[in-house]
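A.B. asks: So the protein sequences, as listed, match chains E and H.
For the first sequence, this note's numbering begins at 565 and goes up steadily by one.
For the second sequence, this note's numbering begins at 66 and goes up steadily by one.
Note that these hints are calculated values from the structure, not bench results.
Please note that the accuracy of each hint is not assured.
What the simulated footprint calls covered on chain E by chain H, stretch by stretch (three residues with Cβ under 8 angstroms from a Cβ of chain H suffice, anywhere in the stretch; the number is not a length) [unchecked claim]:
1. 633-644
2. 749-762
3. 793-801
To give an idea of the interface, some chain E residues facing chain H are shown, with a C-beta separation under 8 angstroms as derived from the structure [to be verified]:
4. Q617
5. V620
6. H622
7. V623
8. R703
9. P704
10. V738
Now the in silico label distances, taken between C-beta atoms and shown as ranges [to be verified]:
11. E:R651 with H:G82: 26 to 32 angstroms
12. E:E804 with H:G74: 35 to 41 angstroms
13. H:D174 with E:T599: 54 to 60 angstroms
14. E:A585 with H:Q293: 45 to 51 angstroms
15. H:S314 with E:R703: 48 to 54 angstroms
Every value quoted in this text rests on a predicted model; they were computed, and no experiment measured them.
Think of the CB as a built atom: it goes at the ideal place given N, C-alpha and C, for glycine as much as any other residue.
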Amino acid sequence: MTQEREGEVTRSFVSLATALALGADIVELLTRLTTDCAHLLDVASAGLVLGDQRGVLHVMAASSDHARELELFQIQRLEGPCQDCYRSGAPVSAPDLSGSGRWPRFARAAERHGFSSVHAVPMRLRTRTLGALGLFGTRPGRLNAEDLNLAQALADVASVALVQHDTGVDSPSVSLQLQTALNARVVVEQAKGLLAYSGRTSPQAAFQLLRSYAGEHQQQLSTVAGWVVHGDLPARVVLEHASARPERDDEGGSGGEGGPAAARG
Amino acid sequence: MSSRERLRGELAAAVSGAGTALRAADALCHACVQLLDVDGAAISLVHEGATRGTFGSSNALSRRLDAYQFTFGEGPCLDAVQQGRPVLADDLTAAAERRWPAFTASAVDAGVRAVFALPVVVATESIGALDLFRHRSGPLPGETMSGGLQAADLAALPLLDLIAQLGVRAEAGIVEGAEEDPWSELESLERVEIYQATGFLIAQLGPTATSPSEALVRLRARAFSTGQTAAEVAQEVLEHRLRIDPDGSWHHDGDHPAHRNADGDEPGRGGDS
Numbered sequence: 565m566t567q568e569r570e571g572e573v574t575r576s577f578v579s580l581a582t583a584l585a586l587g588a589d590i591v592e593l594l595t596r597l598t599t600d601c602a603h604l605l606d607v608a609s610a611g612l613v614l615g616d617q618r619g620v621l622h623v624m625a626a627s628s629d630h631a632r633e634l635e636l637f638q639i640q641r642l643e644g645p646c647q648d649c650y651r652s653g654a655p656v657s658a659p660d661l662s663g664s665g666r667w668p669r670f671a672r673a674a675e676r677h678g679f680s681s682v683h684a685v686p687m688r689l690r691t692r693t694l695g696a697l698g699l700f701g702t703r704p705g706r707l708n709a710e711d712l713n714l715a716q717a718l719a720d721v722a723s724v725a726l727v728q729h730d731t732g733v734d735s736p737s738v739s740l741q742l743q744t745a746l747n748a749r750v751v752v753e754q755a756k757g758l759l760a761y762s763g764r765t766s767p768q769a770a771f772q773l774l775r776s777y778a779g780e781h782q783q784q785l786s787t788v789a790g791w792v793v794h795g796d797l798p799a800r801v802v803l804e805h806a807s808a809r810p811e812r813d814d815e816g817g818s819g820g821e822g823g824p825a826a827a828r829g
Numbered sequence: 066m067s068s069r070e071r072l073r074g075e076l077a078a079a080v081s082g083a084g085t086a087l088r089a090a091d092a093l094c095h096a097c098v099q100l101l102d103v104d105g106a107a108i109s110l111v112h113e114g115a116t117r118g119t120f121g122s123s124n125a126l127s128r129r130l131d132a133y134q135f136t137f138g139e140g141p142c143l144d145a146v147q148q149g150r151p152v153l154a155d156d157l158t159a160a161a162e163r164r165w166p167a168f169t170a171s172a173v174d175a176g177v178r179a180v181f182a183l184p185v186v187v188a189t190e191s192i193g194a195l196d197l198f199r200h201r202s203g204p205l206p207g208e209t210m211s212g213g214l215q216a217a218d219l220a221a222l223p224l225l226d227l228i229a230q231l232g233v234r235a236e237a238g239i240v241e242g243a244e245e246d247p248w249s250e251l252e253s254l255e256r257v258e259i260y261q262a263t264g265f266l267i268a269q270l271g272p273t274a275t276s277p278s279e280a281l282v283r284l285r286a287r288a289f290s291t292g293q294t295a296a297e298v299a300q301e302v303l304e305h306r307l308r309i310d311p312d313g314s315w316h317h318d319g320d321h322p323a324h325r326n327a328d329g330d331e332p333g334r335g336g337d338s
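Turn these sequences into a full structure, and let the hints steer you where they fit.
C.D. replies: The following block contains the structure:
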C-alpha cells in the first residue's frame, strides 16, 4: 500500500468511527461509506443493499445516485452477485460479466450501463448476514487481496453502524434496527423528491442540500427529511439555505434564520 | 420449501383470494390464528382524520377488544401506530402493566392475558396495526413474532385499498383486493423511484395537505386505473411528464421546459432512453 493511500484509508476509518461515535444519521454514514469505497478501491461504483425481515433486499446507500446504477442494485432482488452474497454469506466475485451466464438479467443491465466486473462482500453480524456491499468496475478484472480485505473491513463497519445496540443475533431488535435504517432511507428519498420538484433541481442536488442543511443545524438527515415530507419544514427554507451556500456539507453552523425550530412553529 | 416460505405463501394466499379489502383483512386475521401460535387477531386502520377503526378480525372477541381501544382512546395498537414499532404486553395481569388501565381491564375480563400490536407501515408511515391476542401470558415465540411481522406487512395492501375507498376521492377503476401476488405487489412499491415520486406528489399536493401514505395511495390508484406498474407511473412523474393537481386530477404535460433534464442524467448516456 502506498503511503498516500494508507493515509486515505486511515482517514476514512477515523472519520467513519467518529461519525459512528457521535451518533451520525445512518443514511448519511452509509452514503459516506459507499463513497469512500468507490474512492479507495479500484472500482467505479459502490452500493449497500440490506435485507428486510422478509429477506427482500433494499438499496440502502450508493456512491452515485444515477438511476442507471440504482437499477443495478434494485434488480438484485431477483438475481445478481449481491443477492447470492446475501443468501450465502460469502463473498462473490465476477471479474468478467460478459462471459457469465449466471445472472442474465443482471449482466444485461450491468453491460448496458457500462460495467464489466462486479464484486460483493457480505455484511455480517456473527452468524447472520444483514446485507451486502456491491462494487462495480468499468473494466474486467479481479480485486486484489488487499482491496478485498479493505472492502470487507468497510462492510464490517457498516454492519456495526446498523446494529449498534445488539442484544443477540436472533432477537427481533436486530430486525427492528434494520427496518429503522430502511425507513430512514425511504424518508430521505421522499424528501429528495419533494425538494427536487419544488426547487426545479435534480434529486442528487436535493440530497446535497438536505445533507448540508442537516449538518449545519446539527440534526439527523432522516429527521430533517421527515420534517420536510410532513410539511413541518417548508421546502423553501431548505432550498433558500442552499442559494446562500451552493453545495458541500461544510461543518460549522450558520445559526440564525431558517433553523428547524423556528420553521416548525 | 422451508417452513418460512410455506408461511409466506399461506399468508399471501389469504389476502389474494379474498375478493374485497374487508374480506382480505378478515382472511389475514383468520390465517394468523391458524398458522401462528395466537388465539385472536384484528387489524385496525389508524389514518389521519376520521378514517380509523377495526377492519378485520378472526372472531367477535378480537374485534371487540380491538375496537375498545378506539372507545377508550388508549391501547397497544394506538401506541404501536404512534411509535411506529411493535408494542408488546406479554402479561396484562402484571402489577407493573399500567399503560392502558381501561383497555387492560376489559381485555383481562374477556380472558385475554397478552397482546402484541405490530404496526402496519406504508411509505414509512404507520397506517394501522395488527393486534395478536393470547389467552395465556408470556412472550411470543420468535417464529410467531416473525410470522406476525410478515402478516403486518401484508396487511398494508387491504389497508391501502381501504384508504383509497374511504379517505381519498376514489379514482376510477381501482380493482379491489385483486393482488395476484401480494408479496410481489408490496415489493413493487419498494423502489427508489417510487419513494422519490411520492416526494414529487407531496410537493404537488401540498406537504401540509398530504401525507406520504396518501401520496402513495394516489400513485397506486393511478397505476391501477391506467394498467401501468407503479414504477412506470413513478417514472412519468419523475420525468415531469405527469403531475397531479391539488384536487386529485392527473395531467400529462410534456411542455414544461423549466423541468427538462431535471433528473440529472445526461441525455445520450445510458443507451436506451
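A.B. asks: So, against the hints stated earlier in the document, which numbers end up violated here?
C.D. replies: Hints 8, 9, 10, 12 contradicted; others consistent.
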